[in-house]
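Chain by chain, the residues:
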Amino acid sequence: MMGDAEELSLKQILAEVFELDPSTIDNTTSIENVELWDSLQHFSMIVSVEQEFGVRFSEDEMGELVSYERLRSALAAKLKPTNGSPAKPDGQRVS
Amino acid sequence: MTGHQSAGTLPSLTIGVLTRDDAPAAARLHTRSFPDDLFTLAGERVLIRLFEEFADEVTLAAKLEGRLVGYSVGTLDKSRFMRRMVRRHMPTVAAGVALAILRRPYETPGYVRGLVRWLVRPRAPSRSALAVSMYEAISKDARTHRVPPLFFLQLHAAWIVHAERLGAQEIEGQVTDERMLAALSRLGYRLDRTVGVRGGSKHYIRCQLPAEGVHRWALDTHGDTVSGPAAADVPASMGQMPSSSPAVPGPRPQRR
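Top to bottom, those sequences are chains R and G.
FYI, this note's numbering numbers position 36 of the first sequence as 36, with every residue one higher than the one before it.
FYI, this note's numbering numbers position 83 of the second sequence as 83, with every residue one higher than the one before it.
It is worth saying that the hints were derived from the structure and are not from the lab.
Just so it is clear, CB atoms sit at the ideal spot from N, CA and C, and this is done for glycine as well.
Nothing false has been slipped in among the hints.
Listing some non-contacts, in silico: residues in chain R with all C-beta distances to chain G over 10 angstroms:
id	residue
1	D4
2	L8
3	I25
4	N27
5	F53
6	R72
7	S73
8	A77
According to the in silico footprint, chain R covers these stretches of chain G (three or more CB under 8 angstroms from chain R):
id	region
9	146 to 153
10	182 to 189
With the sequences and hints as input, model every part of the structure.
Given below as structure tokens:
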């Protein structure tokens, strides 16, 4: 689940990386309509989200996160506690 | 994953070695990607010579419908490469360096510090096993919905695999962006050291080969084309270089 504060943080990350006004970011915001959303910025955005929320996206997931809606859904799933335990990242480990 | 465009409209993305004919396009892309780089400040003629020389090194070029949209270049012997560059193009390089200093005189101390750092740099235990990643650039014009969203990392991974095939046992590179450092760690890069530079930090990174994650990430260069723009449509492994590409040079003596 994502609260308002988390959603705001997520929008602020996208706003910073893609130079957008946070208030303009909604479920229609995607790779198709954001001018600065190239593959370099795509990684910057993902790494920023991972660092901000303490999650880890797998390579398959990273390729899917091409819109705010998908990103929000994927992040919400990772933040959702399971059996009282914090969600675990499922990407590669970095030493 | 589903693609963003129908299969019938997929642009053709090809991955192959960078040739001398690609040098002018690579120079233009470099200028846009690295406006503050010494070679950029040295002017287009120097850049074109640089990429012509890179054509004999460890390079990959990504083309979208025939247009260069990304490259990854490096060398297995940076010292030899730079000596050759200077020896073959001394007048052009000298004029370019003078131009760069004229354009950014306040950067001159930084250039000198960089030269000193390079002269006293730690030497690799085995000079024959080290490839140096010098530049990667992706065209801003190549909108992500026309190339895989993970294009940058996948192209670099393909370059690492290419270097490995040429005999590299370790990759050395540097980044200035913390997020890029985090992204490249996915390929197996580890931070070697960090030095302070004007306006921030420069991180020297290394990747021991074979790196576990690289082959999974690398763009597939088999069969000349990478399937379209959709991320999940891109094969996760790297095959042979396309038959239509120039011959991949064999292993050569190394650097740094």
